[in-house]
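Asker: Sequence:
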Amino acid sequence: MSVVDKPSQNALKYLKFRNHTVDSVSSKLPKKESDPVAQTLPKRRRGRFRGSTGQHAFYHAKARDWHVDPEIVRTMCKQTNFTQCEPPTKRSEEKKKADRASRKPFKVVTYIRFRYNPNDPSFAGCDYDNCVYTGNVVTADTDAVFIFGVGLKESTPLPKLRLPHQTYIIASWEPPAFIWSDTLTNEHSKWNHFFNATMTYRIDADISYRYGKLDFQPRRQSELPNYRMIARLKTRTAIWMVSNCGPTPSKRMAYVKEMQKYIDIDIFGVCGEPCELNDERCVADFSSTYKFYLAFENSFSTDYVTEKLFKLFVDDMHIIPVVRGAVDYNREFPEKSLVNSANFKNPQELALFLKALGADEMEYSNYLEVKDRYRAITFGNRWCYLCEYLHKEALLNKNHIGNRTVNIKKTLFKGHVFNPS
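Per the working numbering, residue 1 is the first one in the sequence shown, and the count goes up by one each step.
Certain hints may be false.
Using 16 Å as the maximum straight-line C-alpha spacing, the simulated EDC-like pairs for lysine to aspartate or glutamate come out as follows [stated by the list, open to error]:
| # | residue 1 | residue 2 |
| --- | --- | --- |
| 1 | 153 | 187 |
| 2 | 78 | 335 |
| 3 | 78 | 328 |
| 4 | 160 | 141 |
| 5 | 95 | 129 |
| 6 | 257 | 127 |
| 7 | 392 | 127 |
| 8 | 410 | 204 |
| 9 | 96 | 127 |
Each pair of labels, with its calculated beta carbon distance range [said to hold, decoys possible]:
| # | residue 1 | residue 2 | range |
| --- | --- | --- | --- |
| 10 | 204 | 88 | 16 to 26 Å |
| 11 | 220 | 159 | 50 to 60 Å |
| 12 | 141 | 120 | 39 to 49 Å |
| 13 | 335 | 233 | 19 to 29 Å |
| 14 | 346 | 204 | 28 to 38 Å |
| 15 | 232 | 98 | 25 to 35 Å |
| 16 | 254 | 353 | 12 to 22 Å |
| 17 | 405 | 261 | 24 to 34 Å |
| 18 | 159 | 363 | 50 to 60 Å |
| 19 | 346 | 222 | 37 to 47 Å |
| 20 | 232 | 194 | 40 to 50 Å |
Since the hints were derived computationally from the structure, they do not count as laboratory data. Ideal placement from N, C-alpha and C gives every residue a C-beta, glycine not left out.
All chains should be modelled from the sequences, with the hints used to inform the complete structure.
Answerer: Quick look at the structure:
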């Protein structure tokens, strides 16, 4: 299996079995002479699992669902920055109480309110919850000052009070090409070298917070749909839903037009027929009709992944994403869960690959099955990540974060925005 460096022989045997499994509906379909689906499926294993001592409970649960060894389940997923193979361990209430007893709460201020999220920050339910929101006025006992980069202007006055123990955090979730702020791109701005930490979608940010990630949620074998029947009923190659029809830094419109010379690509949204990802009827129709969905970024920015990609990893969304951006998709996402345009020299080569893959019913259905093992989940409450960061920085107690400053232009922009050829 491609998502594992060195799978065990046991895993290889099982994966071979899984790749040729279909449900009872497929037995009614006409079969080719060489079709491995016609082979008799092995019986499910029951009883105690081998090598169970010390295995994570999550893998045991999935193994019980499938009646296989937990080792097999473990090797089916590779943990990355964008892929979660097992649920994170939650902190106990005892540890939370110990935190509260050991020190006073971290006091957090939002110096500039974000117009799209006007609600006050809440730390309820966080793993690290020893934080409290105190408004938008910086005082002597403020611990952290949170500023949204989108609303930052050169005319915005600096806080009147700043003390060494305070941590100033700049937050931004938009790609640099679409941050309409001269302040953040101006190396001589009064705000440059003002902040101590960053909270962005970047993997190397002090606080990394993104639109989503994939969670390993494989179904029981008895719940798997007939992927080959799904593939067989599709009649169109690719769909592209886009809201910006003009030129973009990624030159995606020109790229798609070149692809259209070799395969059919239907365009929806502002640039074509009306259809949105939150329109259930429209989504149900294109999921059953199209084989591929073009999830092309409007700009190439390090580690930036649009939320549209994650909307494709939901229940009954049987369509394969085709991605184009500045993320190492081969490393961060499970192989065969998507098609990475970076693996091809030009639009023609990508288009011809999609055409061939779409025509290969068995291989395309394998892609559908791999993708169906994952579901998109959000990062949750952003303030939880902030509180955890403050807690851990205080525990480190080495070079206080307030002693360092961030060159915003260099950190967020320089060398992290790319123009494709």
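Asker: For each hint, tell me whether it holds in the structure or not.
Answerer: Hints and how they fare:
A C-alpha spacing of about 14 Å is found between residue 153 and residue 187, which places the hinted pair at or below 16 Å, so the restraint holds. Taking the CA atoms of residue 78 and residue 335, the gap is about 10 Å. The hint holds against a cut of 16 Å. The straight-line distance between the Cα atoms of residue 78 and residue 328 is roughly 14 Å, inside the 16 Å bound, and the hint therefore holds. Taking the CA atoms of residue 160 and residue 141, the gap is about 14 Å. The hint holds against a cut of 16 Å.
Among the hinted pairs, residue 95 with residue 129 is consistent with the structure: their alpha-carbon atoms are about 11 Å apart, no more than 16 Å. Under the criterion of a C-alpha separation no larger than 16 Å, the hint pairing residue 257 with residue 127 is inconsistent with the structure, at around 48 Å. Restraint check for residue 392 and residue 127: the C-alpha separation of about 12 Å stays at or below 16 Å, so the hint holds. Annotation: proposed proximity of residue 410 to residue 204 holds, straight-line Cα distance about 13 Å (limit 16 Å).
For the suggested pair residue 96 and residue 127, the alpha carbons sit about 7 Å apart, so the restraint of at most 16 Å is met. For the hinted restraint 16 to 26 Å between residue 204 and residue 88, the CB-CB distance of approximately 20 Å keeps it satisfied. Distance hint for residue 220 and residue 159: a CB-CB separation of about 55 Å, consistent with the stated range 50 to 60 Å. Between residue 141 and residue 120 the CB atoms are about 18 Å apart, so this pair departs from the stated range of 39 to 49 Å.
Taken as a hint, the range 19 to 29 Å holds for the pair residue 335 and residue 233, whose Cβ atoms sit roughly 25 Å apart. At roughly 31 Å, the beta-carbon separation of residue 346 and residue 204 lies within the given 28 to 38 Å, and the hint holds. Distance hint for residue 232 and residue 98: a CB-CB separation of about 58 Å, inconsistent with the stated range 25 to 35 Å. As the Cβ distance of residue 254 to residue 353 is approximately 19 Å, the hint placing it in 12 to 22 Å holds.
Here the CB-CB span from residue 405 to residue 261 is close to 51 Å, at odds with the stated 24 to 34 Å. The hinted window of 50 to 60 Å between residue 159 and residue 363 holds, with their beta carbons roughly 58 Å apart. Taking 37 to 47 Å as the suggested C-beta distance range, the pair residue 346 and residue 222 conforms, at roughly 43 Å. Between residue 232 and residue 194 the CB atoms are about 59 Å apart, so this pair departs from the stated range of 40 to 50 Å.
The structure is inconsistent with the numbered hints 6, 12, 15, 17 and 20, although it conforms to all the rest.
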